Amino acid sequence: MAVYILRRLLQVLPMLLLVTFVVFLLLHAAPYDVVDTITTPQMSEETQAAIRARYGLDQPIVVQYGLWLANVVQGDLGYSLVSRQPIAEELAARIPNTILLVAPAYFAALVIAVVLGLIAGSRRGTLVDKTIDGIAGIGIATPSFWFALLVIYVFGYQLRWFPIIGMHSVGKQGDPVDFLLHFVMPFLVLVVAFFPELARYVRAATISQLSQDYVLVQRGFGASRGQVLTRHVGRNVMLPIITQLGLALPILVTGAIVTESIFGWPGIGPYFLTATRSLDYPVVLAVLLLSAVLVILGNLIADILYVVVDPRIRIGGGS
Amino acid sequence: MIAPIALALAATIGLAACAQGDAAPETTGAEATGQLTYAIASDPTSLNPINVADRWGLTVTNLVYSPLARVEGDGTVVNELAESIEPADDGLSVTVTLKEDLKWSDGEPLTADDVVFTYTNKAVRENGNADLLYVGDQPITAEAADERTVVFNLPSVSAAALSNIATETYIIPEHVYGDVTDFSVSELDPIAVGSGPYKLTEYERGQYLTFEANENYYGEAPNIPEVTLRIVADADTVKTALQTGEVDASFATPAQITELEGAGLNVYPYAEGRVAYVGLNAAKLTDPKVRQAIFFALDREEINTGAFLSDEYYENAYTILPPSNAFATEDVEKYEQDTDASAALLEEAGVSDLSITLAYAGADPAQTTEATLIQQQLQDAGITVELAGIEPAAVFEEIQKGAESQYDAFLGGYIMGQDPDAYSLLYRTGASANYFSYSNPATDALFDQGAVELDPEARAAVYAELQAQIAEDAVVFPLADNLKILAVNPRIGGVDEAKLVPIYTLENFGLLTEQ
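Chains as they are written, first to last, in this note's numbering: chain V, 1487 to 1805; chain X, 20 to 534.
What the hints contain is simulated information worked out from the structure, not anything from laboratory work.
Take these hints with a grain of salt, some might be off.
[Stated by the list, open to error] Here are some chain V residues the structure puts well away from chain X; computed CB gaps all over 12 Å:
#	residue
1	L1496
2	D1544
3	A1556
4	V1558
5	P1590
6	V1597
7	G1611
8	I1651
9	H1654
10	L1666
11	V1701
12	Y1757
13	L1783
[To be verified] Distance windows between CB atoms, simulated:
#	chain 1	residue 1	chain 2	residue 2	range
14	X	A51	V	T1762	39 to 45 Å
15	V	G1623	X	T220	46 to 52 Å
16	X	K122	V	Q1659	56 to 62 Å
17	V	Q1560	X	K122	31 to 37 Å
18	X	K122	V	P1662	38 to 44 Å
19	X	A51	V	V1663	23 to 29 Å
20	X	K420	V	E1683	55 to 61 Å
Quantities reported herein were computed from a predicted structural model and do not represent experimental measurements.
For every residue, glycine included, the Cβ atom is placed at its ideal position computed from N, Cα and C.
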């Protein structure tokens, strides 16, 4: 198993190189660069050229990429070209805020999805199934920025139940009640954003399991639908769900970009969006690098969990 | 005062009349909290007064630091740290005397040495904001004559430099930053020692900046002891937060006005001295007759009303200077819509089936409206317009390629400040922001003349001629000075005293009051 994990991790390296290089190329294919976005008509060409030279933007792309890579290998994600702040510090400050919002929302969505998915799948074609499937369909079709604005309008403006902006009131860091008040609306929006697809996934898995021979056999032995669902089908449905869990890892960083921006939540979302608009490439690259690492790690975790949950699955070769 | 910050790319939208709504806002009658929350759209790019050039960075700088003097919207100079500013008769030096007993927020005395220290570092090109302190290729130098007197020496006569020297530069303390070797950074350490009405107490990146009154401020003590700048990117969120009282003030868009007024907020429209315009690429549209034909086909009023919703939110512009500028004239070819003239000019130029590409900021609702109206108006005149809605930075990068550019025309806007010489950056041959690829020796000569003319009347005549010349050359079709709109909770008063100004929003936040 250890060898398997190590080999998987090694395969990851060329993948990361490729991803970052492609992103680098694409950013440089844009018809302008970060200096163009921060210059003003008052800035002379000498000044612009000086800024470009200081950031290394006058070098060929390959050289720029090499410099960036050399720094990353040494653990240095570099500086934002716009704000000159160290990216690693910015990420370290923002990622926990994002996880604090996304992780609870994802788990809540997962629980709702498993329950609704099992119910719908086991009652295929009934009114209950159609209702749940319909809700999931509407959920998938609803843009989260729109739903977020609706939530703000109803609960923030009309009812005045919750504050609209940020993670806490100014000067109330660490006050749990204040945090919860700020947390409820973005949490709700994210749950609604995450659960429909998961619910459909569980429903489909349930339906496919119910059509398996072993279910017929169990039913033949007189097991009730509830018993079949909880003891057998439920367990087999959990397998793909576990895989989903691993694959959800990158969501912890990039899963709430739009929602965060609307609520002014101080996570990675507003930071990444601003950087993208101004072609602040070290920031864009750092976030994508992180995201790519998590995708790959997530896949790996999914594979390992798969084995843990179902010992019948064996990893071929090596172990 | 108008900072020479050019938000050429900024898409500001206009504003509404200031009327108090009937509906009681949710927070009226609330106890005075001693706090003001102002929503800003993003983190400041720089908090370093040496190189700050972005709107929010300047807003913060203006709260925490003070300049020697400011230039008001009407061109008058208001002294801040300076007690007097005396230009020499030969126009080659300026002597500034500081007020007595000035102190930094940490209690140390503010002296002429601090001023010299600030100007010396700002004049270093690598620090990123030196251009205003240069005349030609030579920097303006500063020396301290005594504790309270600074003499600025100009390398050669410059009318613009005289007005630029004392303003726009926020003085920083030498005793705090004397050991700093690199002033090109975006934050000085510590960031909080200044001489402005407030001092910075906390900065949570991506969330807020908090300020409290500076007890050593030389001016009137701030009425509201605590100010918070809250960072909120989404305009809809800001609007709702204004309605619920979660923030006390923020910019608003014309489309939000009715709703905000309905919720009882006060709305203040004010001019930033911005010129929104249609630019033509003279390197591609080389025949002035063709350019004039395009301008005669446009209906300025219809475009402005479409983009800025109501004539309460903009003022028509006819020249390269905003209508509020002391040097602006209306004695130029205004290109009032005249389809016959347009057709005649095209025929004279021997052009038929003219087709041009118009670039604009695709994410900006005002420019999108302008672009579609222009397309329709030119269509009626037999000119085909292909629209290209892209990122603003890309528009200007591409258009500067001149004849190689994909675009024949583009939409933009600039804020260049009070002194007309600043506009040479846009219209002089080969200037750094000459997006129009415009070149006319007559225009260049007029810019040269205006820059060194010290007599105000003679100077005004030069710039009137200059405006007429550029209008005739038809590279820029000025649309309007579209107003900025500040929405304020009625809990907060004193907006007129605090004074609405370009870029910083309010000249002095300390003069706001709680009602």
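Hint check results:
no.: 1; hint: L1496; verdict: holds (36 Å)
no.: 2; hint: D1544; verdict: holds (15 Å)
no.: 3; hint: A1556; verdict: holds (22 Å)
no.: 4; hint: V1558; verdict: holds (22 Å)
no.: 5; hint: P1590; verdict: holds (20 Å)
no.: 6; hint: V1597; verdict: holds (29 Å)
no.: 7; hint: G1611; verdict: holds (41 Å)
no.: 8; hint: I1651; verdict: violated (5 Å)
no.: 9; hint: H1654; verdict: violated (9 Å)
no.: 10; hint: L1666; verdict: holds (17 Å)
no.: 11; hint: V1701; verdict: holds (49 Å)
no.: 12; hint: Y1757; verdict: violated (6 Å)
no.: 13; hint: L1783; verdict: holds (26 Å)
no.: 14; hint: X/A51 - V/T1762: 39 to 45 Å; verdict: holds (42 Å)
no.: 15; hint: V/G1623 - X/T220: 46 to 52 Å; verdict: holds (50 Å)
no.: 16; hint: X/K122 - V/Q1659: 56 to 62 Å; verdict: violated (32 Å)
no.: 17; hint: V/Q1560 - X/K122: 31 to 37 Å; verdict: violated (45 Å)
no.: 18; hint: X/K122 - V/P1662: 38 to 44 Å; verdict: holds (42 Å)
no.: 19; hint: X/A51 - V/V1663: 23 to 29 Å; verdict: holds (25 Å)
no.: 20; hint: X/K420 - V/E1683: 55 to 61 Å; verdict: violated (45 Å)
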